[in-house]
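> Residues per chain are reported as follows:
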Amino acid sequence: MTISDIQQKIKDSSARAVIENALKLADEKSEYHALLSLTAERALRRADDIDSGKIVGKLAGVPFVVKDNFLAFGAPTTAASKMLEDFNAPLQATAVEKLEAEGAICIGKSNLDAFAHGGSTENSAFRPTKNAVDRTKVAGGSSGGSAVITALDVVPFALGSDTGGSIRQPASFNGVVGVKPTYGAVSRYGVVAMASSTDTIGVFTQNIADAEVVMDIMAGQDERDMTTLPDFFEIQNDLKPNQKIGLISDFMTDDVDGDVREKINKYADKLRQNGHIIEEVKLPMAEYALAMYYIIVPAEICSNLARYDGIRYGLRAENAINLAEVYGKTRDEGFVTENKRRIMIGSFVLSSGFFDAYYLKAQKARTLLINEFNKLFTSYDVLIGPVTPTTAFGLGENTSDPIKMYLGDIMTVPTSLAGLPAISVPAGMDKTGLPVGVQLIGPMKSDAKLLSLAKSLEDK
Amino acid sequence: MIDDEILEKYQMTVGIECHVQLSTTTKLFSGADNDARDKSPNSVVSPIDYALPGMLPVLNYKAIELAIRAGKALNSEIARVSRFDRKHYFYPDLPKGYQTTQMYQPIILAGSINIPLEDGGSIDVRINHAHLEEDAGKLTHHGDHSLVDLNRAGTPLIEIVSEPDIHSAAEAKAYATELYRLMTYAGVTNGDLYHGNMRFDVNISAALIGAGKLGIRSEVKNLNSFRSVERAADFEFRRQVALLEAGEMVVQETRGWDEASQTTTSQRSKEDAQDYRYMPDADIPPIVLSDDEIGKIQNSMPALPPFYRQQWQGFGLDVTVVNALLLSQSIAQLLQRVYEKSDNNTARRVGLWLSIISGDQGDVDGNLGDTNIKVTDNQFIGLSKMVEGGELNSTAAKEVLLEMLTSDKDPHVIAVEKNLIQVSDESAIALIVDEVISDPICAKAVADFKDGNEKVIGFLVGQVMKKSQGKANPELAQKLIRERIK
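Line order of the protein sequences matches chains W and G. Each residue of the first sequence is one higher than the one before, counting from 1 in this note's numbering. Each residue of the second sequence is one higher than the one before, counting from 1001 in this note's numbering.
Don't take each hint at face value.
If the Cβ cut is set under 8 angstroms, some of the chain W residues that face chain G in the computed set are [said to hold, decoys possible]:
1) Phe-73
2) Leu-84
3) Gly-190
4) Val-191
5) Met-226
6) Arg-312
20 angstroms max Cα-Cα, derived EDC-like pairs, lysine to aspartate or glutamate [stated by the list, open to error]:
7) G/Lys-1009 - G/Asp-1201
8) W/Lys-455 - W/Asp-257
9) G/Lys-1087 - G/Asp-1165
10) W/Lys-329 - W/Glu-85
11) W/Lys-329 - G/Asp-1093
12) G/Lys-1062 - W/Glu-223
13) W/Lys-340 - G/Asp-1275
14) G/Lys-1418 - G/Asp-1408
15) G/Lys-1087 - W/Asp-356
16) W/Lys-282 - W/Glu-262
17) W/Lys-9 - W/Asp-153
18) W/Lys-11 - W/Glu-102
Keep in mind the hints are simulated off the structure, nothing from the lab. Don't be surprised by glycine CBs; every beta carbon is placed ideally from N, CA and C.
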C-alpha cells in the first residue's frame, strides 16, 4: 500500500486500526528478520493522538520503519551490534523528528549489517534478514531490513542510510524504490555515523511519488549538522522533455550479469521511447572507485567508531582488569568481524608513514572521479546503469569472501564518493524471478529531477 | 649541583607551546556552558561533548572570532582557509576517541612578537603557528578506581606554538608573561591561571655554545604559572647539562613538573609516543574568511601592551614597574586615561601608586586577572595635584589613596576629613620649629647641627612632623630650621 492508500484507510477507519494492522503484519512477517524491534506502545499512543486530533500533519497516522542506526524513541538503538544492544537514545534523529512532526508513526526498527558495514545484512550481530522475494537469498545491505519491510508491504516507507550503496543495493535486491540523496540534503544528526564524508540519509518506498513526499519532508538544512545544504528539494510536476541520458558503459561489461544488463537496456529503450536521448558514456575513474572507497571509508569508520570504548554507554566487558582491557575486550565483544576488519584497514591507512600513500592519494583520486562526473554532467542530464552486478545472492554465499562482497559495491560507491544523488528503481526480474534495479544518477541537488524522470516511466 | 662556570659553556634553547582556554560562553562544538569553574562534575556536558552515537560538531563562530583577535595580538597572519582534523587516541577523558584539532591547516599562521625583558632589553620570538582545538575532560584517581569529569571536554583552546627562539629561563618567563598580557588584552581568554586558563608546555635543550646544532630536547608539560615556566626551564637546563658533562645522553621525553620538590620527573619517552592517525574531520566544513571579516574584527580590538609601552615611554617608570602594571588591562586603561587627561609627571606618580596597590592585590605570580580597582582617573589626578601643590606629603597621599580604594569621595574631601592637609603656612610652621629648637630633648641635636653635623637635620624635621601630626610641609620645615639655627 502506498501512502495515499494508507491515508484513505485512516479516513475510512482510524490511525489506530492502521497501526494495529501494520504491527500485526510485522509480526506475521517476523521470519524474514527484517525488524529488530517494534515500538508498538509508542506507535499506538501516537495513533490515538492522531485519532483525537492532537497530532496533525501531511503524514498523520502513516506507519514507517527506521533502520536501527537511527536514534529513535520506543526501542533501543542497536546499530545491529552487541556494542549498543541496550542503548536507549535520549533524543531522536532529525529525519525521524521531521517525519514525526508531520504525524508519521514509527512502528519499529529494522535490521542492518552491524554499524552498517556490509552489503547483505548478514553482518548483523543478531540475525541475517531474508530477501523479500526469495527467503534463501540475502536482503542486501546494509539497510536490508528497511528494504525488505517495505517490499513486504508492512509499511509504505522505511528509512535507511547509504554510505556506499546501502539503500540502493537492497532496494534493487527486493524490488523497491531506494533514494540516496545528494550528500548534505538530509541531516545526519542522530544517525550512528559510519563514514562522515559519504553518509547520506534516504528512503525506501513502493513507488516514486511516496519517495518524493518523504524526501520533501526530510530534506533541508539542520543547524545540528554543519554539512547540510539549504533545502533545495522541490517535487517536480513537469518533466524536462528530451533529456540527454548517458548509459555508463563501464558498468555494462561482461562482468555484469547478462539478465541485469538486459533489464538496464530495456529501461534505456523505454527512456528512448519517451523522447529522451541515450548515449553510451565512459567513466574511466570508476575502475578505481572501489579502491578509493575501501581506503577512505574504513579510515572514517575507525575514527567514528573510536567512541565505543565501554566508558560512558553501551557494552562494557565485564572481566576487564585494567583500562587497556576495558578497551580491548569491550571492542572485541561489541564489534563483529567486519567492523574489526574495517577498523584495522582504517587504522593502517591513517598510520604515520602510510597516510600519504593511501588516504591522501585516495582523496586525490576522489577529486579526479568527481571531475569526471562533473564533466559528464556538462553534456548529460542523467546517467544510468545497473545498481549491482548481480541480483540477490544466496544467504551465506559470500560471507567467507569479503573481497567478493566488496565487489558488489562497484557501481554504487562512485556516486557516494562524489556526493551525488542516485536512485534505484525496479526494472523487472531476472530469469529466476529476482528483482533487478536500474540506477539513475544526477548532478548535485538534482534529486527531485531524478525522481521525476523515474516517475514518468513508472506511470507507463 | 653544577657550577655557574660550567653552565656558562652551554646555551639553553627553549620553544613553548601555550594552550589558551577561550572565553566563549559555550564550548567549541556544542552549546554547553564553557565555564566549568565551581560546577559539579559532568553538569555542563551536552550529548555532543558526551560523544553519544550520531552526534555531530557544530562550530562555535565566537571561537573563530577570538582566534582572529589572537592572531592580531600575536602579530601573525590569519589563514583565509583553515580546517579541522582529528587526532586519535584512547583515554577516558576523550569521549570521541579523538581530539578535534587543526593539524594541517591551522587558523593562525606564522608571525613574530617582541618580548620585553626585566633588564630593559627585549627579544623577538617567532610564532610557528597557532591552532584551534578542543580541550579534554579530567580524570581523578581514587585508589582502585578513577572518575571521569567531562565538564572541560570541548572547551575551546588556541595552542600557540613558538619557534625555539628563547635562550634563558628569564626569557621563557617573560615570553609566557607577555602571552598572558596579549591574550587577556585581546579578550581571547579570561586568563584565570589558577583554573588552568593558560597552560605551558616547555621544550628545552642544552648544547655547548658554538656546537652548531641543538641538543636533544625534553618537554615539560602542563605548567600553569609564569614562575613554574621559569623554574622548570632552569631545572631542566641544569639537569641536562649535568648529564652532558657526565658524558651521558639526554633522552627525548615528556617530563612533568613537581611543584612541591621544584623538579621535573620523566613521564614517557619518545619510544612510547602514540601514532595519532591524524585525518581531516569531514563533519566540519572548512573555515573560509575574507579580508573584510578579519579586518572588521581586528580593527575593533582594544589597545595591546606594545601600544601602552610606546605611550608611556616618557613617564620615567622602571621597565619592571611598567610590565607589572601591564599585567592588568584595566590598570593599563586607567593609567592611559590619566595620562591622556594630564601629563607625564602625573602619570608617573599615578603609575607608582597603581603598582603599589596592584602589588598588594595580585597573587604571587603577579596574576592580577580582572583587578578590581574602583578608583577613577579623576580621583587619581586630583590626588596627584594635591601632592604637586604641596597640600599632601607622600605619606599622607598614601593614606588618602587607601581610603579612595573603598570610597568614591574626592581625594581633597578625604584629606580634609582625615585632617591630612599639609601645613604650608610659614608662620604656623615657624611656631612649631621654635618649639622644637627650644625643646630640651633636641638640645644635643641643635648643638650638633651648629657644629656642622648635617645628618641631624632629619631628626629635627621629624620632630616638627611629629608635633604637627604629620601635616607640616617637610621642605618648609627644613628651610626654617636652617634659618633659625644659623
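> Taking the hints in turn, state whether each one holds.
Hints, one by one, checked against the model:
Among the interface hints, the one on W/Phe-73 is violated; its C-beta lies about 13 angstroms from the nearest C-beta in chain G, farther than the 8 angstroms criterion. Here the hint on W/Leu-84 is kept, as its CB sits about 7 angstroms from the closest CB of chain G, short of 8 angstroms. Evaluation of the W/Gly-190 hint against chain G yields a held restraint, the C-beta minimum of about 4 angstroms falling below 8 angstroms. Interface restraint check: W/Val-191 against chain G, minimum CB-CB distance 5 angstroms, threshold 8 angstroms, status holds.
Given the 8 angstroms rule on beta carbons, the hint for W/Met-226 holds: about 6 angstroms separates it from the nearest Cβ of chain G. The closest approach between the C-beta of W/Arg-312 and any C-beta of chain G is roughly 6 angstroms, which is under the 8 angstroms cut-off, so the hint is satisfied. For the suggested pair G/Lys-1009 and G/Asp-1201, the alpha carbons sit about 25 angstroms apart, so the restraint of at most 20 angstroms is broken. Restraint check for W/Lys-455 and W/Asp-257: the C-alpha separation of about 26 angstroms exceeds 20 angstroms, so the hint is violated.
For the given pair, G/Lys-1087 sits about 27 angstroms from G/Asp-1165 by alpha-carbon distance, which is inconsistent with the 20 angstroms threshold. Note on W/Lys-329 and W/Glu-85: the hinted pairing holds, with a Cα-Cα distance of about 16 angstroms set against a maximum of 20 angstroms. For the hint pairing W/Lys-329 with G/Asp-1093, the CA-to-CA distance comes to about 19 angstroms; that is within 20 angstroms, so the pair holds. Restraint check: the Cα-Cα separation between G/Lys-1062 and W/Glu-223 comes to about 16 angstroms, which is no more than 20 angstroms; the hinted pair holds.
Under the criterion of a C-alpha separation no larger than 20 angstroms, the hint pairing W/Lys-340 with G/Asp-1275 is consistent with the structure, at around 19 angstroms. The suggested pairing of G/Lys-1418 with G/Asp-1408 holds, with an alpha-carbon distance near 15 angstroms, which does not exceed 20 angstroms. Restraint check for G/Lys-1087 and W/Asp-356: the C-alpha separation of about 16 angstroms stays at or below 20 angstroms, so the hint holds. Distance restraint check for W/Lys-282 and W/Glu-262: the Cα-Cα separation of roughly 19 angstroms lies within the 20 angstroms cut-off, and the hinted pair is therefore satisfied.
The hinted pair formed by W/Lys-9 and W/Asp-153 meets the criterion: a straight-line CA distance of about 15 angstroms does not exceed 20 angstroms. Distance hint between W/Lys-11 and W/Glu-102 is fulfilled; the C-alpha atoms sit about 16 angstroms from each other, no more than 20 angstroms.
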